[in-house]
Amino acid sequence: MVGEATEQEKFAPEQKGLDRRNFLKMAGAGALVLTMTPFAAEATPTQVLEAMGKVVKQKNFKEGRIAITLPQIAENGVVVAMKVGVESPMTADDHVTDIHMFADGNPLPYIATFQLGPHNGKAEVALRIRLAQTQKIVVAAETSKGESFIARQGIKVTLGGCGG
Amino acid sequence: MAKQNIKPRVRIGKKLKKGDVFEVKTLVRHSMESGQRKSKKTGKNYPRLILNRLHVTYSGNVVLNAIWHPGVSANPYTSFYAVADKSGPMKFTWTDDAGETFDKTVQVKVDG
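These protein sequence lines map, in sequence, to chains A and B.
Mapping to my numbering: the first sequence position 130 is 130, numbers consecutive.
Counting from 1 along the second sequence, just add 1000 to a position and that's the residue number in my numbering.
Here chain B stands alone, though its shape is the one from the complex (with noise of 0.2 Å):
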């Protein structure tokens, strides 16, 4: 199967100093089935496929290991929040349950 686009957004603050606590935004697209429901047709639930994992660093730190279960829901939506330390990157990883895992990284500036 081709590789899903599940188009990973993230917004993070822009005027940035060291020290400041900032929020971190993401929005992906993903259907997250859930194993629940139910084809009309065959009368078999449609197989379970979500994002199971949220992982992300930032300056050599873990700043957020996210598990999900199906209770999610589709396109999930996370905001948390880290301190912003150095200017570097924050990656995001997400992780389904087929094994497959989907990158994404931002810069984050952080001034003085």
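Bound-form chain A, shown alone (with noise of 0.2 Å):
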């Protein structure tokens, strides 16, 4: 505590915006990233899984090491940027094959696999995606060695951009 004071002091001329505006706006981020932990930890839907039994090999999936970079909140569901990287050291025996996204609310679940290889050096692909509601973003990495990842990452889209 001693320390935080200190640290306080020394950036207080820089301190001066963080009024009762601000504080506010740092607690309702706070509050949103804690609604939003359960809601990642859902259960996969059956839907998303009936698709991904088509496409995914490997079933044996476990947590992790995916990371989804999206928007918390879409304003416009026909164009949502989304960021998948996979860790993975991508040589020639251990690497990333498949990357493959689903959207649990559109009425076409499957969006797109990507199937890379030791040539990429990274396994991290972007693109932009279609979003029909509120709703939440699967994705399913496997690897040359036979595992397969998962992970999900919750969206809220404001006008929905499927069909119309």
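In case anyone wonders, no lab produced these hints; they're calculated from the structure.
Given the structure is predicted, the values throughout are model-derived calculations rather than measurements.
Any given hint could be a false lead.
In silico DSS-like pairs for lysine-lysine, Cα to Cα no more than 27 Å straight-line [as the list claims (entries may be wrong)]: (1) LYS83(A) / LYS1007(B); (2) LYS1017(B) / LYS136(A); (3) LYS1038(B) / LYS122(A); (4) LYS122(A) / LYS1014(B); (5) LYS83(A) / LYS136(A).
Quick one: dock chain against chain with the hints and give me the complex.
This is the structure:
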């Protein structure tokens, strides 16, 4: 606590902006993170499981290793930027072979598959997707070692982007 | 039907050395008609016509094979990474539902 106090003193000139308004903003962001957590920990819905069953070869899923970057709120579901990174050394023996993406609330949940190899150096891809409603994105990754990983990320969509 | 002009654009890193991991960004112009959109006149859905595949080769290897479904936005943007091996062409091929292909080739320059 003493350390924190000195830190605050050090940055006192810049800290002028931290008034009630900013404090509330920060508190709000914190509350949002707290409410998002149980949402993200939910199980995968059956619709997505069905789609995955057809596409994903290795089904012994483990959690982790995948980082999904999405905006917390998408104002327009027609174009939502998404980035998916998978931790992997990307060598000839151990690399990510497939990254599959699904959206559980879309009329067609299967979005895309990106097939990679050891020549990529880094298992990270970005694309722009359509989202019909507030929902969860499910990403599954398969590696050359026969492992498979899964990650989910919730996203709020203000205006749907499928059909019309 | 005349071949669509999808205006493929590709951007890659410039000063590359052998072994560097560089980002490749691509953007094409395509409406990616999902087959889900209803026509107000006929009440029927517009037929699906999307680019369903992007295949990229470089230095004799496939560096990306992307399979796309209607969940991919119009004017699909994609970025991925590749390892700089040697100077040479990087070939991009997009394929649409009608089986038509669209090509783009960029030269990768690698020093040393």
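Structure-based check of each hint:
Of the pairs offered as hints, the one joining LYS83(A) and LYS1007(B) holds, with about 23 Å between alpha carbons and a cut-off of 27 Å not exceeded. Of the pairs offered as hints, the one joining LYS1017(B) and LYS136(A) is violated, with about 40 Å between alpha carbons and a cut-off of 27 Å exceeded. With a C-alpha separation of about 40 Å, the suggested pair LYS1038(B) and LYS122(A) falls outside the 27 Å cut-off, and the hint is violated. For the given pair, LYS122(A) sits about 18 Å from LYS1014(B) by alpha-carbon distance, which is consistent with the 27 Å threshold.
Between the alpha carbons of LYS83(A) and LYS136(A) the distance comes to roughly 15 Å, so the proposed pair stays at or under 27 Å and holds.
Checked against the numbered hints above, the structure violates hints 2, 3; every other hint is satisfied.
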